[in-house]
Amino acid sequence: MINFYLLKLFLGYILIQIFVLNEVIFSSYIIPFLYLTIILSIPKGKSILFLMIISFITGLTIDIFEGQLGLHSTSCIFIAFLRPKILSILSNSKTLSNEDNIRLNNLGGVQFLVYSSTLIFFHSLILFFIVDFEIGNIFNLIIKTILSTLATLLLIFVNELYYMNKQ
Amino acid sequence: MYNLIRFFKIYQSTIYFIIFFSFSIYLLFTNNSYHSFLNKKTFSELRGYSMSKISSINQYLSLKEKNKILLNENVRIKNQLSKYSLKKNINFVDYGNYYLFNSARVINNSVFKRNNFLTLNKGSKDGIKIGQGVVINDGIVGIVKGVSQNYSLVMSVLNKKTNVSIKFKKNNYVGSLKWNGYNYKKGEVKDVMNHIDILVGDTIVTSGYGTIFPKDIKVGVVSKIRNRDNSGYQKIEVNFLKDLNMIDFVYVVEAKNKLEIRKLEKSLDD
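One line per chain: the protein sequences are A and B, in this order.
For the first sequence, position 57 matches number 57 in our numbering, and the numbering has no gaps at all.
For the second sequence, position 222 matches number 222 in our numbering, and the numbering has no gaps at all.
No false leads were slipped in.
Calculated lysine-lysine pairs in the DSS-like style (CA-CA distance at most 30 Å, straight line):
1. K242/B to K122/B
2. K263/B to K178/B
3. K242/B to K215/B
4. K113/B to K53/B
5. K85/A to K9/B
6. K94/A to K9/B
7. K113/B to K215/B
8. K44/A to K9/B
9. K94/A to K46/A
10. K266/B to K256/B
11. K94/A to K166/A
12. K256/B to K218/B
13. K8/A to K53/B
14. K53/B to K125/B
15. K9/B to K46/A
Sample of chain A residues facing chain B (criterion: CB under 10 Å; computed from the structure):
16. F19
17. I48
18. D63
19. F65
20. S73
21. S75
22. P84
23. K85
No lab work stands behind these hints: they were computed from the structure.
It should be emphasised that the depicted structure is a prediction, and the values quoted were computed from it without experimental measurement.
Note that beta-carbon positions come from the ideal geometry of N, C-alpha and C, so glycine has one too.
Build out the structure end to end from the sequences listed, making use of the hints.
See below:
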């Protein structure tokens, strides 16, 4: 049952990312990564290996369609590594059951904001750093990271609110 | 032994992280060195298929505008044709003798990355080979870098590795055009000496050296000139004439006598 749910989630967000968000680009500075919802929402009780594999496959699928292997998978693996550490800091996560998906409605507004914004920020930072591998324009890199993080956060919150209303 | 297992349990997440991270970094470096197109070749059929479905929808939406552009181009070509038929007895060189043109459609395009690539809907079946140039009317698009049976992959001008030989139309000074990665509407020519007189508004055309692009295709217009006194060179910004984000139909160009020219030039080195 849970696996079926994950599969649906996986296919849905990946299709949206590949066919809508990667196609509709406002500028090279603002790229929303809605597919991160998949990694963000994996239940707390899952093993670290499961988390890593799912993140890797998610990143790799996006990479294959973007034509540059390793970009998204590297940054996804990094936030999969970071995720348990950030969850352990948040107080609400202790009352969270092991099987629940981590969503806005069971983590609470502020805590979900802290949780998702940290992960998305590191994801964008690493992604944009790897794309160019140029240390010369740090200013450019940081602006890109912050704008993309904000765009992703906005989309993810809209999506979470919709999900809450549907339940 | 017990200690070893305990060690693995404690550092479980770090170990998994190192394994997966190094694997994806390995993927990144083996597949994205700009010359190896292994990954692009293996997945280009799949990507090409899905992208051609999307682009057929996109194309339908902009049909009206496309029609207009095609009509305009037809008129222009017809005008040119009539001019040529008058000049027939004058001794002049026609592209047609040296270059073969092959039309293709762009089914995937990017302009916002540091290294951009395009996918075309024609491949080795239609005679497209690695190393051919891709041009449009009043602009250059890139160089073919990978070919599968039905699709081909083009390294765009908007790429770190692309280096196009150009010249200034008014004084035939030759330089090389590069892209600096920020704005897809602007290119850059760096190797022009300070004493060469260049003004804003000068036209830049392809030089025809190197047998990839035909001679005298318009590329862009000079938009900004910066003198750098200590180096002795000026930095020239070029506005491309055509928006590379809006291209649809392109021409793939093959120099007929490419092999012969290469052979001749190589014979000097020996």
